[in-house]
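4 protein chains.
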Amino acid sequence: MATTRLLISCPDAKGIIAAVAGFIVEHGGNILYADQHTDSLSGAFFMRVEIEGDGFGLTEATFADAWQRVADRFGMTWRVYWGTRLKRMAILVGKEGHCLTDLLWRWSTGELTAEIPFVIGNHDVLAADVSRYGIEFHHEPVAADNRDEQEDRIRRLLRAGEIDLVVLARYMQVLSPGFVADYPAQIINIHHSFLPAFAGARPYHQAHERGVKLIGATSHYVTHELDQGPIIAQQTSAIGHRDTVEDLIRKGRDLERVVLATAVRLHLQDRILVSGNKTVVFE
Amino acid sequence: MATTRLLISCPDAKGIIAAVAGFIVEHGGNILYADQHTDSLSGAFFMRVEIEGDGFGLTEATFADAWQRVADRFGMTWRVYWGTRLKRMAILVGKEGHCLTDLLWRWSTGELTAEIPFVIGNHDVLAADVSRYGIEFHHEPVAADNRDEQEDRIRRLLRAGEIDLVVLARYMQVLSPGFVADYPAQIINIHHSFLPAFAGARPYHQAHERGVKLIGATSHYVTHELDQGPIIAQQTSAIGHRDTVEDLIRKGRDLERVVLATAVRLHLQDRILVSGNKTVVFE
Amino acid sequence: MATTRLLISCPDAKGIIAAVAGFIVEHGGNILYADQHTDSLSGAFFMRVEIEGDGFGLTEATFADAWQRVADRFGMTWRVYWGTRLKRMAILVGKEGHCLTDLLWRWSTGELTAEIPFVIGNHDVLAADVSRYGIEFHHEPVAADNRDEQEDRIRRLLRAGEIDLVVLARYMQVLSPGFVADYPAQIINIHHSFLPAFAGARPYHQAHERGVKLIGATSHYVTHELDQGPIIAQQTSAIGHRDTVEDLIRKGRDLERVVLATAVRLHLQDRILVSGNKTVVFE
Amino acid sequence: MATTRLLISCPDAKGIIAAVAGFIVEHGGNILYADQHTDSLSGAFFMRVEIEGDGFGLTEATFADAWQRVADRFGMTWRVYWGTRLKRMAILVGKEGHCLTDLLWRWSTGELTAEIPFVIGNHDVLAADVSRYGIEFHHEPVAADNRDEQEDRIRRLLRAGEIDLVVLARYMQVLSPGFVADYPAQIINIHHSFLPAFAGARPYHQAHERGVKLIGATSHYVTHELDQGPIIAQQTSAIGHRDTVEDLIRKGRDLERVVLATAVRLHLQDRILVSGNKTVVFE
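Protein chains in written order, with my numbering: chain V, 960 to 1242; chain A, 960 to 1242; chain E, 960 to 1242; chain R, 960 to 1242.
Honestly, I wouldn't trust all of these hints.
Heads up, the list lumps identical chains together, so a pair's fine if it works in one copy or across two of them.
With a straight-line cut-off of 25 Å between C-alpha atoms, the simulated DSS-like cross-links for lysine-lysine are [unchecked claim]:
#, residue 1, residue 2
1, Lys1210, Lys1237
2, Lys1210, Lys1046
3, Lys1210, Lys1054
To be clear, the hints were calculated from the coordinates, so they are not data collected in a lab. Note that the structure is predicted; figures quoted are calculated from it, not measured.
Sequences and hints are given; from them, build the entire structure.
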């Protein structure tokens, strides 16, 4: 059952909630959820409203005109998602399949609601895991001497597929600044540490070397700075002196797949707003 | 800085949020937080609004008259808390001091905002822990042959102290139905298990006997049925085969004090609404 | 690289560790891990020793004769597992595939080391998920009027397959006492609650009805009493008032698959000893 | 009831456990716990044995002579603790009392077994919290111009008090390399972040600035490099976008006191061995 989701950010002011809720009721809408947050440091206001599809008198064609008066009054940045069209998600993978297969499994059960037109692999070892779900698999190997061309090919695929969300499910390749700039807050990565600890390569090796007593995983939006983007979800898990690097890798897989799936679900449900380099997550 | 908190429950309907927010803005109020929840099974709607003290044009004296029109329109049950008066909390204890001293420590740091006119002890071993905070301690031992008189004395103390919230910090005595009925959703108990498992006496012994791999603690409102009231907060902690009953008791203390303090803080901040035998907790 | 695992239980006494370790070194063995536990209530002693394959002078054929002298001295019950033969595991499933596919995925990555000759399904909806791993799928539907015959067929399959471990991955059928008696501490079930809370049918519905603030999952050995067997692993996860029964089911899947996989891994690595109705788990 | 604890590290070799256990039984000792660990990278072997006091034929006076033969054979570094003498612990504090009062409370309940001859405060605000337990409080304020003299005074106090363990319970002062060198693996600090993230000053401010979704606390032995010593225990706790820096500080207090108390308990029970810059913790 389709719902309409309205996401707003603007400077805090008296009367925003009343104005938004009043507008919706005026057009026959029923609010299912309304969450808001004021960042007391910056004075920024964030709001997410989910409106029942039935009975709402505005449509994709008529909403903007009617709404603009409210938006202008408070200086709002806003987006609206009509449940009538599913988001289109592409997954980029390397050799490790645990995050990919977990996402596809959740998608197949209805836990993740999106269209997945294709998966792009830097290697082809996961092709069968993808095609069994009836999803196309593109093998686009990146090497030192073809990096730019391959990225161009990938970007063409994403554009042709009208992709809204790119998920890096242990892709292990750094995207160029131009690529990242084309998809602001639309590329989600999973990093296998509790960032900002152990950014960069081989975080489980770093964790083992340092002798920490917990490992973690972090899902975040990708920005031009490696492992520095806005964090969406994090979890940790206890480890001990008996655990080898291989044990950390094994235990970490369970963290990674849950933390990535959480971020993807929150994004697909339009529950994340970006505020500077942080996220506001309306769960 | 005082804020005004409005708690509402009513049958779900279109336009409630708009009406509430419109009313507040109409009277010059600024909404700091607004949370709502609809129970899809019962169709009940719950809302909590926190309004900035500054600028709000209504007072304890004038609010009800102005508000009644909105309340009547939607058939609301409602309460409003003016930050100008602190809640008055009494703590009842037995011999075990860990929950009591934790509550008093949090209170002394400002984490719990309330007046604590007195603590009532079934034993007197904790008197010094109380009086060092400048709080009165009443020793009211309950025995088989004075149960009714002692409960009467305690109820008189609570009435005389104009107590709003009674916290059973490991009190270990069952209150009579009449006592409980006088304080609906105003008596918070800590039970040292993850209810509904191990209700009743000696839950750590029961847990050890059953061989569970985690222990828990549950804070809940007291109702006439023992350990059956609406649950406010729960946590669990891992244990293993090496843990004796004494280890469970020791590890459990850390759970109990956190879980009880959480419930008390949520209650003092008017974040809990009771819905049948469940709670809606606006964190 | 194969290791030999020796599991011992006996009345506690002085000198057991010295005798066991002395015996192993006498036969050229290198101890990789040695864990022991004394139950202070019952006075029972439990020990698990893992011996490096290389250099150990005893074999499956010669061990028992040599060892009997030590075993007799302390009245030991003991078992020894030679890494030369993998355990043989059968999985029984119903309609819900999340535990099954998780087990098979872990098995395919080498996280679970066993032979899986076949999976038995009460329904056939999961046949393709099984056969893609090259594992046989037997569809053996159980109905009210064929319960005994079907159980006989299943038991014949298990015997023919020389099965050591039966995993009930949301099988949803109760096994007869005779079946259970044939596989003592060799049948692992996953129950979707934190037992002993919400035993029996529809635990997520029970949990939602009661208004708990956490849900859980429990893996345990099956005994003749439903949901009463020795608990191997348990975990819980926080929920809130917004969560519907469907949300609990979704969140619970993540718990169930981790908790079941943990129990299966511990069993396959011979890390579990049963002590009365409890487990000693040497992690 | 006093137990004797023997801690061993040496290069891994066949027969160590047999030799140690054989030696103990030969002298009439009963092993209560025996834990060992081999670091597969370095080939180092670690062992902790806890021996029942009753019946053990060796004493503080006679142990070393008898034991030396075993120790020499395997090139062991070893320490033995006789339960007859409690460890002597000093606590150093700043202005924040939550870790201090938690440690003293646990000590008063018997959860921490040690002598605490005194507490040293850089400020005097916590003097009353200490003296109510009958413990001496020394006010030794450190300023830019008296740093060396004050540290000398503190070191004299520790020597005079025959202190074995120094606990920095939010002391907020950096100790000189000479001080640290005098107490190798005998100074425990609590750092209010999940190290190595947010080392240095104001970790909660750093965490808020970065927008992480969890906060942490780390207890570790102090070495000459700030916040770089071997980690003993770590925990994290979930936070969200609504949490201000003040909320992080409040929530962090609950983590800090548990994580510090855990490390102190493990140390007092001789459960920690240092291996390079890591710890082996036999829980």
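So, going through the hints one by one against the coordinates:
With identical chains, the CA atoms of Lys1210 and Lys1237 are at most 25 Å apart between copies only, with a shortest distance of 20 Å across copies and 27 Å within one. With identical chains, the CA atoms of Lys1210 and Lys1046 are at most 25 Å apart between copies only, with a shortest distance of 23 Å across copies and 31 Å within one. In this assembly of identical chains, Lys1210 and Lys1054 lie within 25 Å of each other by CA distance solely inside one copy; the values are 18 Å within and 28 Å between copies.
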